[in-house]
Amino acid sequence: MKYIFLYLDPGSGSYILQVIIAAILGGLMFFKNFWIKVKSFFIKPKEKTAEPEEQDDTTA
Amino acid sequence: MNPEISSHAASYKDRDGFIFKHRDNFYRCINASYFDNYRLLMQSGLYTQLTKKKWLIPHEEIAGNAELNAEGTIIILPQQIQYISYAYEWGFVMWQDAALLTLNIAREAIEKGMLLKDATPFNIQFINGKPVFIDTLSFEQYNAQQPWVAYRQFCECFVAPLLLQQYCHAEMGKLFTVYPNGIPLELVKSLLPSNAKWNLHNYLHVYLQASVRNGKEKQNTAAAKNFSKQKMLVLLNGLSNYIAKLHPKKGKTTWDDYYDGTILSNNYLQEKTKLVQSFTNSVSFNSIVDLGANDGHFSLLFKNTGKQIVAVDADVNCINALYEKIKKEKITNILPLINTLNSPTPAIGWNNAERTAFSERIKGDMVFALALVHHLAIGCNVPLHLIASWLLPMGKYVLIEFVPKADEKVQLLLQNREDVFDKYTLVDFETVFLQHYKILLQQKISGTERTLYLMEKI
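In the order they appear, the protein sequences are chains V and Z.
The opening position of the first sequence corresponds to residue 1 in the working numbering, with each subsequent residue numbered one higher.
The opening position of the second sequence corresponds to residue 1001 in the working numbering, with each subsequent residue numbered one higher.
Calculated from the structure, these hints are not laboratory results.
C-beta atoms are modelled at their ideal positions from N, C-alpha and C, and glycine is treated no differently.
Warning: the hint list may mix true and false statements.
Unchecked claim - In the DSS-like style, the derived pairs of lysine-lysine whose C-alpha atoms are separated by at most 27 Å in a straight line are:
hint: 1; chain 1: V; residue 1: K37; chain 2: Z; residue 2: K1231
hint: 2; chain 1: V; residue 1: K32; chain 2: Z; residue 2: K1231
hint: 3; chain 1: Z; residue 1: K1363; chain 2: Z; residue 2: K1327
hint: 4; chain 1: Z; residue 1: K1250; chain 2: Z; residue 2: K1130
hint: 5; chain 1: Z; residue 1: K1229; chain 2: V; residue 2: K37
hint: 6; chain 1: V; residue 1: K32; chain 2: Z; residue 2: K1197
hint: 7; chain 1: V; residue 1: K39; chain 2: Z; residue 2: K1363
hint: 8; chain 1: Z; residue 1: K1363; chain 2: Z; residue 2: K1130
hint: 9; chain 1: V; residue 1: K37; chain 2: Z; residue 2: K1245
hint: 10; chain 1: V; residue 1: K32; chain 2: Z; residue 2: K1245
hint: 11; chain 1: V; residue 1: K32; chain 2: Z; residue 2: K1229
As the list claims (entries may be wrong) - Not close to chain Z: a few residues of chain V, all C-beta gaps over 12 Å, as computed:
hint: 12; residue: Y15
hint: 13; residue: I16
hint: 14; residue: F30
hint: 15; residue: W35
hint: 16; residue: K37
hint: 17; residue: V38
hint: 18; residue: K39
hint: 19; residue: S40
hint: 20; residue: F42
Could you put together the complete structure from these sequences and hints?
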């Protein structure tokens, strides 16, 4: 293990990374939400019919 | 303040305050440097909100006590905790729940204009079956332009141990004993299998950060000033979703099916359970230390009774399963802990005093040592007199089972080794224990050669 950087403040090393990570995760979330919207647009009617079936299962 | 009052050995890092013990109670002294943050915590509604959810330990302010109060300080008396445990004694899910609690608190705090300045599992204790944040001084005013100062610490103290337990071995949490301030990410990277880096979140939170420590990335804190509340919430939510999906490495352990063995049949368990119930009914006690608790069968006999129980076992799968049960059934009085009893968790940290040893911390009125003595005496070569003197300071009563050599489980322990245990007989056992204890009750467990004793310290 390299000990050269032991004098670095342990927190500060991750500051710039957090900017990058937040951007990547933010982007990922954007596409995920977008995909969910696209999916729900197409399969919305199916979900509605599935709900009563699930309820039937729990009461049976 | 009373000059005899000094800070607790674990409370030296924070300039904003310290913990101290005074007449059996633990208090927290808050220094003037933290007053603004303390007022914000109390007046913003964050304290009320977090304590209402039982996420943060409640406290009361002490005023007008000449012995405790000093000028320029605030003294608070937090809810007292009977059993302190450390992350390296927790099962995977306990660690995971502690991580999620830290993130949840960070998110709530942001909404009230505060943030956590550190993120270590030592800030969390399990109270009434649930993790509770105990460091009232961890909150500081939130600056939306700054990233999370505790992010790297969070990764080293929560993400790293969880990942090692998921990818390498279920017992890797024990590595935290060696690195209680966080497992270095470079070390984590070298231990993880190569396929771990193909997960984007693993890559971001471990591999990428490890490379910063290596110096491959230039430090540029100025660029980080573009941070925002929205970015912070994305980071915290991303971490929460990621951690919630982690799971412990699957693998069968020694004690997974202990009671499925031949002699350890339902009948044996039923007989022993009856005896344990009738023996324990004969004396009064408020707490139990269940040593070698396995799946917690005997601890669970006392669930939600008001007796505080610590169930200890070396088997991580057993402790994980017990914690899952506690969660599912909302059991409030059992604390399950991983510990190898022939080498319990030591005193560690600064001056070997920061985190106390298991034997110093975990004591009860009643000690259960059920089907344990033969493992220590024959499996680990610990002489009977040392077992007796080890149990002695742990509690007033001991409920102990003697398993003789004729027992098939002892035969199993002896099958591949020379029998050098001349002094392991029922007579030897009683002789040794009667030097320290008096026998209150004893009975053979029907259908076996095993004997159960209830003893009281002389």
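Status of the hints after comparison with the structure:
1. For a cut-off of 27 Å, the pair hint linking V/K37 to Z/K1231 stands: about 22 Å separates their Cα positions.
2. The straight-line distance between the Cα atoms of V/K32 and Z/K1231 is roughly 16 Å, inside the 27 Å bound, and the hint therefore holds.
3. Between the alpha carbons of Z/K1363 and Z/K1327 the distance comes to roughly 24 Å, so the proposed pair stays at or under 27 Å and holds.
4. Between Z/K1250 and Z/K1130 the CA atoms are separated by roughly 24 Å; this keeps the pair inside 27 Å, and the hint holds.
5. At roughly 25 Å between alpha-carbon atoms, Z/K1229 and V/K37 fall within 27 Å of each other, so this suggested pair holds.
6. The straight-line distance between the Cα atoms of V/K32 and Z/K1197 is roughly 21 Å, inside the 27 Å bound, and the hint therefore holds.
7. For the hint pairing V/K39 with Z/K1363, the CA-to-CA distance comes to about 57 Å; that exceeds 27 Å, so the pair is violated.
8. Between Z/K1363 and Z/K1130 the CA atoms are separated by roughly 20 Å; this keeps the pair inside 27 Å, and the hint holds.
9. Of the supplied pair hints, the one linking V/K37 and Z/K1245 holds, its CA atoms being roughly 23 Å apart against a limit of 27 Å.
10. Only pairs whose Cα atoms come within 27 Å are accepted, and V/K32 paired with Z/K1245 is accepted, the gap being roughly 17 Å.
11. Of the supplied pair hints, the one linking V/K32 and Z/K1229 holds, its CA atoms being roughly 20 Å apart against a limit of 27 Å.
12. The claim that V/Y15 lies off the interface is violated: its Cβ sits roughly 4 Å from the closest Cβ of chain Z, which falls inside the 12 Å cut-off.
13. With a least CB separation of 5 Å from chain Z, V/I16 falls inside the 12 Å interface cut-off, contrary to its annotation.
14. A cut-off of 12 Å between C-beta atoms contradicts the statement that V/F30 is not in contact with chain Z; the least separation is 10 Å.
15. Distance check on V/W35: its Cβ is at least 15 Å (rounded) from any Cβ of chain Z, clearing the 12 Å threshold; non-interface status holds.
16. No beta-carbon of chain Z is positioned within 12 Å of the beta-carbon of V/K37; the least distance is around 18 Å.
17. Interface exclusion of V/V38 from chain Z stands, the closest Cβ pair being 20 Å apart, more than 12 Å.
18. With a minimum CB-CB distance of about 18 Å to chain Z, V/K39 clears the 12 Å threshold, and the non-interface call stands.
19. Look at V/S40: its CB is around 19 Å from the nearest CB on chain Z, clear of 12 Å, so calling it non-interface holds up.
20. Listed as outside the interface, V/F42 is consistent with that label: its C-beta sits roughly 24 Å from the nearest C-beta of chain Z, beyond the 12 Å cut-off.
Hint violations for this structure: numbers 7, 12, 13, 14, all remaining hints satisfied.
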